[in-house]
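**Q** Listed in order, the protein sequences are those of chains Z and X.
Okay, so the first sequence: first residue is 22 according to the working numbering, each after it adds one.
Okay, so the second sequence: first residue is 85 according to the working numbering, each after it adds one.
Keep in mind that the hints were calculated from the coordinates and are not lab data.
Do not rely on the hints blindly, as some may be mistaken.
In silico lysine to aspartate or glutamate, EDC-like type, Cα no more than 16 Å apart, as pairs [what the hints assert, rightly or not]:
(1) X:370 <-> Z:261
(2) X:370 <-> Z:110
(3) Z:257 <-> X:364
(4) X:370 <-> Z:46
Estimated spans, in silico, between C-beta atoms of each pair [stated by the list, open to error]:
(5) Z:261 <-> X:241: 36 to 42 Å
(6) X:237 <-> Z:134: 37 to 43 Å
(7) X:162 <-> Z:134: 49 to 55 Å
(8) X:162 <-> Z:39: 26 to 32 Å
(9) Z:254 <-> X:424: 44 to 50 Å
(10) X:181 <-> Z:37: 28 to 34 Å
(11) Z:130 <-> X:175: 53 to 59 Å
(12) X:106 <-> Z:129: 48 to 54 Å
(13) Z:117 <-> X:175: 38 to 44 Å
Here are some of the chain X residues that sit facing chain Z, going by a computed Cβ distance under 8 Å [what the hints assert, rightly or not]:
(14) 143
(15) 158
(16) 162
(17) 287
(18) 292
(19) 317
(20) 318
(21) 343
(22) 357
(23) 360
(24) 363
(25) 368
No residue lacks a Cβ here, since even glycine has one placed at the ideal position from N, Cα and C.
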Amino acid sequence: MSDPKVIFRGTGVTRRFGRGKNLVEAVKNVDFTLTEGQITTVVGESGSGKSTLARMVLRLLPVSEGTLEFNGTDVTTITGSARADYWKDVQAVFQDPFSAFNQFFTVRRLLSRSFRLLGERAAAEARMEEALNHVGLFGADVLDRFPHQLSGGQRQRVMIARALMMQPKLLIADEATSMLDASLRVNILNVLTDLRDTLGMTILFITHDIGQANYIADQVLVMEHGEMVEQGPADKVIFDPQHEYTRRLLSDVPRLNQSA
Amino acid sequence: MTDSPSRAANARTRATGLRLLDAHNLTAAYYTPEGNRVVAVDDVSISINEGEVLGIAGESGCGKSTLGAILSLTAREPLVVEGGTLEVDGKQQRLGPRAKVQRTWRGSVVSLLPQGAMNSISPTMRVRDLVFDVMRAHDRGVKRSEALDRARDRFEELGLPARALDAYPHQLSGGMKQRVVTVISTLLNPRLLIADEPTSALDVSSQKALIDMLLQMLDNKIMSGVVFITHDLPVLRTVSNRIAVMYAGKIAEIGDAEQIASEPRHPYSAALLGSVLVPEPGFRNKRVKGIPGSPPNLLNPPSGCRFHPRCGLAMDVCTKEEPPEVGDVLRFSSCFWTQQNPGTPVPLDRVIPSEEATMVETDRELADQLAGAEEGAR
Chain Z
22 MSDPKVIFRG TGVTRRFGRG KNLVEAVKNV DFTLTEGQIT TVVGESGSGK
72 STLARMVLRL LPVSEGTLEF NGTDVTTITG SARADYWKDV QAVFQDPFSA
122 FNQFFTVRRL LSRSFRLLGE RAAAEARMEE ALNHVGLFGA DVLDRFPHQL
172 SGGQRQRVMI ARALMMQPKL LIADEATSML DASLRVNILN VLTDLRDTLG
222 MTILFITHDI GQANYIADQV LVMEHGEMVE QGPADKVIFD PQHEYTRRLL
272 SDVPRLNQSA
Chain X
85 MTDSPSRAAN ARTRATGLRL LDAHNLTAAY YTPEGNRVVA VDDVSISINE
135 GEVLGIAGES GCGKSTLGAI LSLTAREPLV VEGGTLEVDG KQQRLGPRAK
185 VQRTWRGSVV SLLPQGAMNS ISPTMRVRDL VFDVMRAHDR GVKRSEALDR
235 ARDRFEELGL PARALDAYPH QLSGGMKQRV VTVISTLLNP RLLIADEPTS
285 ALDVSSQKAL IDMLLQMLDN KIMSGVVFIT HDLPVLRTVS NRIAVMYAGK
335 IAEIGDAEQI ASEPRHPYSA ALLGSVLVPE PGFRNKRVKG IPGSPPNLLN
385 PPSGCRFHPR CGLAMDVCTK EEPPEVGDVL RFSSCFWTQQ NPGTPVPLDR
435 VIPSEEATMV ETDRELADQL AGAEEGAR
């Protein structure tokens, strides 16, 4: 096996909101790397800066300080068409599958809109079918449906399929499973692990649930109040946590067995 | 993790043998614009003892929240309660199309903490204004200062900062908002609090804080019982005495929380437990399977046992006849398999059929069904 390749690197990433008395440092001087073909999970409680970090990686929010590097190129300040090109490689799925849809668009129209970014319409149908198959759906079943005709789990899978239309190298899933019930959640997580295993996709998965992190992550980053307090291989962080905050997060997780 | 066993043990002693609530034969249906009748809660009877937390589990669309709406007497069109009785402290309340609900019951006998309650504080109002509104709705003559004093005492009693009363909702964190709304919904000391998904939008640390607060409220006798609705089984195991697992408008199994979590007697409970992810070594690099498909459309529920199309243990009889309730009023499982194998926990590996390919096919018809169910809900 060759050395795992670092596909994304953040160095000294900082994000401040407000100014003067209201200044909030949402992300403080964070260093991290994402390894190609791995699932990296960011865990932390609400307000710890997880989503801010994800939005910066997506380049939806400018960083206040620090640099972001994708595949060796600096993407910290790219704008316009360079940023559009970046989005061909980096795509995201967000938390709420119920509000992320335009309710007047069929799935077909939703998916075909992503071709504005790609610029070639001809391959659209084939790519749609392929993207849907990756998440366990068939075009004939869902393409002509409206969002209200899909279940929560199906919607989130369509959202993942939309991200896959670009055949991205990096997929960011920000709390993508939080609004689904436990059984659907497992199915979506399985879709993500399949993407990693069959397409070699790199995934940045954001969650507050260590149980989910434990299930799918190769690497875990723990954030507390904007600081990265612990990072490392999932086994090590979850079963041998060094930082007190990680231990507290783990101890707050409700268990099914008393012995655990 | 260290104190959860002791909290669970506390919960056990907190419960007394006295009956707080008996609900008999609750039936409620949604009426769709096309005139269809979708029975979301079908002839459900439950009992809660004084000091007890009853958890209600199940997937989305199984009737959990509808049951909460019936118990809290807040059912509204298109949901119509068609029959049943509530009995609290020996006082009977008949439910049905023509039954009158005494106004005093809502808020002071049963109180609802609805789903997403933390977002129900008006963004232009301070928390204290909401407190006054709630108190005034039940007692026209209440003075502003009295209402606030009562809330302030309650906040101090439960260890919440009293300054939260002067805050606007955007100044509070999600966990704090949820705790504040919980306290406000119990200002009138209801006998029974119905909490609908109170922890689902919170992170684990805020979840724990809310659960601790609820248990403390029970200890302080602010209310005498809680119905806790969630799909999160690990949360239910920590907070509740008994768990009722609902499927397609009926109770599949009801039993002690510990027993349901470790030795479920209904295939559906076992399947739900099977999809729970906890941070333990056993879950690394293992493929956990969700339950294939989704709950049935209640417009045409499956014949016999409603879980049989998704159940790996289904037999011929399951498709034809209603399953029997095996057990007593407080602990039972409605399942033919359990009847034939008394005292045996359900083998999880046999409940979820192993081949995955089936699930994509079923998705098509399930989407149809779901579309129907959602229309029903509107």
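**Q** Give a verdict on every hint.
**A** Each hint, compared with the structure:
1. X:370 <-> Z:261: violated, 20 Å
2. X:370 <-> Z:110: violated, 29 Å
3. Z:257 <-> X:364: holds, 12 Å
4. X:370 <-> Z:46: Violated. Residue 370 of chain X to residue 46 of chain Z sits at ~38 Å, over the 16 Å cutoff.
5. Z:261 <-> X:241: 36 to 42 Å: holds, 40 Å
6. X:237 <-> Z:134: 37 to 43 Å: Between residue 237 of chain X and residue 134 of chain Z, where Cβ atoms are some 56 Å apart, the hint is violated.
7. X:162 <-> Z:134: 49 to 55 Å: At 34 Å between Cβs, range violated.
8. X:162 <-> Z:39: 26 to 32 Å: Given a distance of about 45 Å, which is not inside 26 to 32 Å, the answer is violated.
9. Z:254 <-> X:424: 44 to 50 Å: holds, 47 Å
10. X:181 <-> Z:37: 28 to 34 Å: violated, 59 Å
11. Z:130 <-> X:175: 53 to 59 Å: holds, 56 Å
12. X:106 <-> Z:129: 48 to 54 Å: holds, 52 Å
13. Z:117 <-> X:175: 38 to 44 Å: holds, 42 Å
14. 143: OK, holds: residue 143 of chain X within 8 Å of chain Z, min 5 Å.
15. 158: Violated - the Cβ of residue 158 of chain X stays beyond 8 Å from chain Z, reaching only about 23 Å at its closest.
16. 162: Result: violated, 16 Å to nearest chain Z Cβ.
17. 287: Holds, about 4 Å.
18. 292: holds, 5 Å
19. 317: holds, 7 Å
20. 318: holds, 4 Å
21. 343: Constraint on residue 343 of chain X not satisfied, violated at 12 Å.
22. 357: holds, 7 Å
23. 360: holds, 6 Å
24. 363: Check passed: Cβ of residue 363 of chain X comes within 4 Å of chain Z, closer than 8 Å.
25. 368: This interface hint holds because 6 Å falls under the 8 Å limit.
Going down the numbered hints, you'll see the structure goes against 1, 2, 4, 6, 7, 8, 10, 15, 16 and 21, while the others check out.
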